[in-house]
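*Asks:* What follows is each chain in one-letter form.
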Amino acid sequence: SQQGEEDPQALSIQEGENATMNCSYKTSINNLQWYRQNSGRGLVHLILIRSNEREKHSGRLRVTLDTSKKSSSLLITASRAADTASYFCATTKKGGGSRLTFGEGTQLTVNP
Amino acid sequence: NAGVTQTPKFQVLKTGQSMTLQCAQDMNHNSMYWYRQDPGMGLRLIYYSASEGTTDKGEVPNGYNVSRLNKREFSLRLESAAPSQTSVYFCASSEDLDSQETQYFGPGTRLLVL
Numbered sequence: 001s002q003q004g005e006e007d008p009q010a011l012s013i014q015e016g017e018n019a020t021m022n023c024s025y026k027t028s029i030n031n032l033q034w035y036r037q038n039s040g041r042g043l044v045h046l047i048l049i050r051s052n053e054r055e056k057h058s059g060r061l062r063v064t065l066d067t068s069k070k071s072s073s074l075l076i077t078a079s080r081a082a083d084t085a086s087y088f089c090a091t092t093k094k095g096g097g098s099r100l101t102f103g104e105g106t107q108l109t110v111n112p
Numbered sequence: 001n002a003g004v005t006q007t008p009k010f011q012v013l014k015t016g017q018s019m020t021l022q023c024a025q026d027m028n029h030n031s032m033y034w035y036r037q038d039p040g041m042g043l044r045l046i047y048y049s050a051s052e053g054t055t056d057k058g059e060v061p062n063g064y065n066v067s068r069l070n071k072r073e074f075s076l077r078l079e080s081a082a083p084s085q086t087s088v089y090f091c092a093s094s095e096d097l098d099s100q101e102t103q104y105f106g107p108g109t110r111l112l113v114l
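Chains as they are written, first to last, in our numbering: chain A, 1 to 112; chain B, 1 to 114.
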């Protein structure tokens, strides 16, 4: 079964707006990563947050992690049409090394 | 650097046929992985190789075999394809299994089993 569940499954916004995607997971983790997948392409790593971190920024991306609630959120600020893609969270479990368990993803559409 | 490459890009098989999906990485990574992605779902781990000479089952290994040919190459074989194996297959690599760092993905192989 999938470790992560993402919410919402689909999100449609206008260019310039912010997009927030949420991810929940079930077991203790070492880190949580967010990946992006453009239609018909492979996954590209966006950002990694470790279990002892609460917030991380990278450009227009902001990730938060709440280990007490076993949840994370990805915020994309000032979205662009080029941000249209599927976004997946993935976790590494304690004792699981680099093996990733993926959520089902959020399909983000940014309308120009 | 090409990163992670996969061949073929697309394949159609009949039920019962066999085929091998090829994957290679040029980043000198120790660990490699095979995932499948079904429509509307995240990726599920089929097999992985922590280092050259070792392979282990992931979440959904049934119907597949793998070979870690050398440090660069990790192949996935379907001995007798079934329609349930219609999917997009992604290969990935990382520095090593214990680093818990990011994985780098190939562009995927789309497989249709009729």
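Please note that the accuracy of each hint is not assured.
Derived DSSO-like pairs (lysine-lysine); straight-line CA-CA distance at most 30 Å [said to hold, decoys possible]:
1) Lys-71/B / Lys-57/B
2) Lys-56/A / Lys-69/A
3) Lys-26/A / Lys-57/B
4) Lys-93/A / Lys-26/A
5) Lys-57/B / Lys-9/B
6) Lys-56/A / Lys-71/B
7) Lys-57/B / Lys-70/A
8) Lys-94/A / Lys-71/B
9) Lys-94/A / Lys-56/A
10) Lys-94/A / Lys-9/B
11) Lys-69/A / Lys-94/A
12) Lys-9/B / Lys-71/B
13) Lys-57/B / Lys-14/B
14) Lys-69/A / Lys-93/A
15) Lys-26/A / Lys-69/A
16) Lys-70/A / Lys-94/A
17) Lys-14/B / Lys-93/A
18) Lys-94/A / Lys-26/A
Just so you know, the hints here were simulated from the structure itself, not pulled from any lab data.
*Asks:* Out of the numbered hints, which ones does the structure contradict?
*Replies:* As far as the earlier hints go, 6, 10 and 17 are violated by this structure, in ascending order.
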